[in-house]
Amino acid sequence: QQQVKQSPQSLIVQKGGISIINCAYENTAFDYFPWYQQFPGKGPALLIAIRPDVSEKKEGRFTISFNKSAKQFSLHIMDSQPGDSATYFCAASHWGKLQFGAGTQVVVTP
Amino acid sequence: GAVVSQHPSRVICKSGTSVKIECRSLDFQATTMFWYRQFPKQSLMLMATSNEGSKATYEQGVEKDKFLINHASLTLSTLTVTSAHPEDSSFYICSARGLADLYNEQFFGPGTRLTVL
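Just so you know, the protein sequences line up as chains A and B, in that order. Residue numbers for the first sequence follow the numbering used here, so the first one is 519 and each next one is one higher. Residue numbers for the second sequence follow the numbering used here, so the first one is 79 and each next one is one higher.
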């Protein structure tokens, strides 16, 4: 039973474009919402994270938007680059345990 | 940033043998370590949570007698896959969290690819 639903499953974006990935959750006890980037054969790496008392967080080209009432959050990747081609996972944490979304494979074309 | 290592990075073994995977936090003390399994093209699934000096807590559906976890020190946790079978072939990833981490951030290792023949 997926506690965090992620969409789309895959995404193709041109270099310089914006990649948008969406996640939704049901458990209102979640208190930490990170995004991870994973390259093939590697472990996931933390990209950016947000807590529910903040509606938006920006770090470089990456922005998280958080809508507590809708129980949704999203990742925006601005000015997408070929090096951003990877699988992205959203996650939600309660008592330190992470529940991951299904993942989105992003391909940035030159 | 905090670094977590895993050893080995990949292992191939015969069916019926046991395999041990090590997870180390290199520059911080990890009070809690997590073990995940990831099948190809799928998400990470939490297998168990271990706190230093105590027994691991396994997620529903994970056989604790098959996946033995030891967290004997603040920098080392081990996962032993006992009597491995081909269906245990997967990518095993550990993560570690320090005591001072107020935001529940977990630092992930590079993963171990297990192939059981």
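Be aware that one or more of the hints could be misleading.
As a list, the in silico DSS-like pairs of lysine-lysine whose alpha-carbon atoms are at most 25 Å apart [to be verified]: (1) B/Lys98 / A/Lys589; (2) B/Lys133 / A/Lys615; (3) A/Lys586 / A/Lys523; (4) B/Lys92 / A/Lys560; (5) B/Lys119 / A/Lys533.
None of these hints come from the bench; they were simulated from the model.
Problem set entry | Given pair status - A/Lys533, B/Lys119, alpha carbons within 25 Å | holds, 24 Å
Exercise. Keeping to a limit of 25 Å between CA atoms, is the pair of B/Lys98 and A/Lys589 held or broken?
Worked result: The given pair, whose Cα atoms are some 40 Å apart, is violated under the 25 Å limit.
For this session: Sort out whether A/Lys523 lies within 25 Å of A/Lys586, counting only the CA atoms.
Result: holds, 15 Å
For this session: Quickly compare the C-alpha distance for B/Lys92 and A/Lys560 to 25 Å and report which way the hint goes.
Result: With Cα atoms ~24 Å apart, B/Lys92 and A/Lys560 stay inside 25 Å; holds.
Problem set entry | Distance restraint between B/Lys133 and A/Lys615, which requires alpha-carbon spacing of 25 Å or less | Satisfied, since the Cα-Cα distance of roughly 16 Å is no more than 25 Å.
Hint violations for this structure: number 1 only, all remaining hints satisfied.
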